[in-house]
Amino acid sequence: MSIDARFCLQRGDFHLDVDMTLPGEGVTAVFGTSGAGKSTLLRCVAGLERAAQGVLSVNGEVWQREGLFLPVHRRPLGVVFQESSLFPHLTGAGNLRFGLQRTPAGERRVDWDEVVQLLGIAPLLSRYPDSLSGGERQRIALARALLASPQLLLLDEPLAALDEARKAEILPFLERLRTRFAVPMLYVTHSMREVARLADYLVLLEAGRVRAQGPVQEMLSRLDLSLAAADDAGVVINAVVAEHDAQWHLSRLEFSGGSLWVSRCAEPLGERLRCRVLARDVSLTRERDEQSSIVNLVAAEVVELASAASPAHVMVRLDAQGTPLLARITRQSQARIAVQPGERFWLQIKSVALLS
Amino acid sequence: MLSPDDLTALWVTLKLAAVSTALLILLATPLAWWLSQTRARGRVLVEAVVTLPLVLPPTVLGFYLLLLLGPRGAVGGVLEGIGIGHLAFSFSGLVVGSMVYSLPFVVQPLQNAFAATGARLLEVAATLRASPLDRFLTVALPLARRGYLTAAVLAFAHTLGEFGVIIMLGGNIPGETRVASIAIYNHVEALDYGSAHALALTLVVFSLVLLTLVYAVNRRGQSVGVPG
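For the record, the sequence lines run as chains Y and W.
The first sequence begins at 1 in the working numbering and counts up one residue at a time.
The second sequence begins at 1001 in the working numbering and counts up one residue at a time.
Hints listed in this document are in silico derivations from the structure and should not be mistaken for laboratory results.
It is possible that part of the hints are untrue.
If you anchor each label on the Cβ, the simulated ranges turn out as follows [said to hold, decoys possible]:
1. G67(Y) / R1219(W): 50 to 56 angstroms
2. T1038(W) / A182(Y): 38 to 44 angstroms
3. T1038(W) / D111(Y): 38 to 44 angstroms
Glycine included, every Cβ here is placed at the ideal spot set by N, Cα and C.
Same shape as in the complex, but just chain W (with noise of 0.2 angstroms):
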């Protein structure tokens, strides 16, 4: 059914949402930690940008990013100054859109999860000895780890369902920048349809097993009584 083009795509789309969903829990870690401490005037500003990603339009975020990562932008240009070379029209490229473009649905999660947890529980950890990284490690962390899931999956389908920011940034390089929805989109309009059938009903399939997977452990954790 799938031919070898749209199994590609399928593989850059399943590369792109597990890599920049990786990146981003690890980045979105301390600024969610940060965001879920502070009392400084700044959170709310910093709280707005991290937000902005779910109201603007693919578009207009794809071609600021395409500004800023292509040859003549203020990141682009330099990674090409230092013999890196420029993101747009890349897979890294795609991978910093994506980190942005879902930076909401990790951020979020994992900031309502540290707050949830309160001050108590460390300020008792910091009294049986904890340093302040150790009392991040052992409490904090493992309390949040439903937060952690919660934020992995969101990244995760959201990457899968990406389009504008892609075809913005990424363009349609077979192999390295055309993932599913792209490949979708391009059987659409040569109208072969049966092709784009058989890709967006592997994404469904995929997407709702997925999910299923993530309540079903959710659900176990909680019939334990392990809370988190």
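Next comes chain Y alone, as it looks inside the complex (with noise of 0.2 angstroms):
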């Protein structure tokens, strides 16, 4: 099961020229500045770019092809943009029925009282979206989009015109869907805490073109993508809740390179949880300091060194037992304990954001 993607298109001086193959399932980042072609991308995959060459197919089903075009209401997809796309002359209801009742009863496979429930939209149903905020018509338009029926999902950056304490609404649903419903997801976005949060595949467009593309732990952690240049660049390590620790208000994660200790979470025992780690959060000790104030300890073997944004700084690489992690050192330090390709080290993680 997978997407394939070729498309070309020329829009005055901007080239999209891309070539993807992507998992039928979970959820796909589409990465990358804005000009990049990120959205344009979007529209291709949706129909919506007649003039746009290209194959597509998606988990067997050909949408596009030479001499095939499927218009974009044959194509069972779902789209959310960026700014409030409902209808302003229906309810909330009106607009979830808009795309249920164009579903044909033999493809109905989304429950209306499970997606009302789900994104907490009850008591939204009987307004019109001119009453509501900016968050509360994403929520609506989430499950319009989602009572189609979608064969693939695709969100264009659906958060970014949302306040940070919208978006912190938005996300745990979003998160929500990616569980309890099987549809694929294409999700274009410039925010790294959204990859880092939703992403299980990444895909990272430069001026019109796929400059890389993979499972999101690995390309989170290359070194020679722009990825790894930002400020907040890290890696995300998927655990499983080991051990609560009620004296310390403690839990300790688990994951193949070792343990984590984060402060006490909600989540039952062996609950899998995503956490990320920031590059700037790492140092690197070649003893294990049982002195330190730092409680978690993991030990990594030294992969590759790349130059940070600052020359101050350099970008290190680790593997500890199949988990890459990065870390971010100065330059004067990587001198100093001789980090080089190889050698082993204590990894002092300074802080763990737990995503989920």
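With the hints as a guide, dock the two chains, each given alone in a separate frame, to form the complex.
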């Protein structure tokens, strides 16, 4: 099961030329700066750019190839745009029904009550869009897209127009969608935080071309990509809740490279969690330092080094028994403690952000 | 106050306004839609032609319509040939004339209303499995309803006040082409100011009531929070 897409589109002096094979499940983030062609790519997939030459097949069904162009309304997809795009002449419920009514009964796979409950929109259904907040509108837009039982959900920076509080309000809903409905999602964003939190797979777009693509864990730890140069560069670690410590109000998360202690979390033992470790929060030490206030120590081997954004720093990629990690250290430290590929160090991790 | 002849003239006027407004709304819809969506080069010329009746003296319009629709005109001749008869000096001729005369008053509000809706909502409707016709009927049309109201009122009111085109094209046949504005003119010509006054005042009151109603309806739509 996969999504194969090749597109060529000339628009003024912008040229989109992409070739990608994406997993046919989970969340694929399309990441890049503004102007990289992310939204255009999404529009090509949706069939909203008729001028685009290309090939598109979604889990075995061909939507576009030489001599075939399935019009938008024949593609079983859902799109959520950045700004509110609810129909202003319909109530919340009217908006939800729009796609549902046009979905043949035999293709309906999404239950009204479940979506309404999952997105918490029951009180909004009788209201018109102009009386809803930005976050409420986006939840209705998400529900509306889902109720058309899409085989592919396209999200074009669905949180970009919202303030931080509203973003925090919507993100958990997106996570629930990912786990509850087995709909592959193509998620366009320029926010690393959203990528780290939601994405399983990452396509890095630069100037209309695919610079790199791969599983998010691997992509975020690559030093040859612009991702590692960002101030908030860091890796995503998939872990399992292994222990709750009532006395110190901590929880222990286990991953392939060791354990991480975090503030006591609500998730039960055995629950899968995703956490993020920023390169700037990781320091290296030769000896295991038991006198340090830092609780999280992980043993890892240096794989490679690369220049960081500032000349004072160097990025270090390490491997902790299969889990990639990044550390940003000063060049001075690198020389002093001889950080070289193949050397083993203890990583002191100052902070771990729980993502889900 | 109003003589039976004047009542008949009023009736012809209302019938003419209603029929030509209804037909114009129907015919102008595809034209306005096309103008709002197309990027074709010819669009500018079409827009200019549509606006022409706004700037031309009604007598010029009426004169050419008379030539066109009369027994030897391009349209009138053909109609005559197939047995329908030419359109000059007939109610049907007035309907055609009024439609041409009020065309810009209908096309422009509709075109603006369609353009104001923008492409995004139609794209969204397409992603929700709505076909092009479905999108037009369930999204573009309801969102343009304020434009339709404006267009209908303007066309109706404009036809009520029509004089020049009718005098050129329709003459003065009672019960057929004699409308209120021409009846008023006749009364004034005959120095019967009392009758002219009665008919003129009726038109003023009627138009005022109509416009007040329209604005009231429009305002209520706003306060309920249903944009359009």
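These are the hints, each one checked on the structure:
no., hint, result
1, G67(Y) / R1219(W): 50 to 56 angstroms, "holds, 54 angstroms"
2, T1038(W) / A182(Y): 38 to 44 angstroms, "holds, 42 angstroms"
3, T1038(W) / D111(Y): 38 to 44 angstroms, "holds, 42 angstroms"
The structure is consistent with each of the numbered hints, conforming to all of them.
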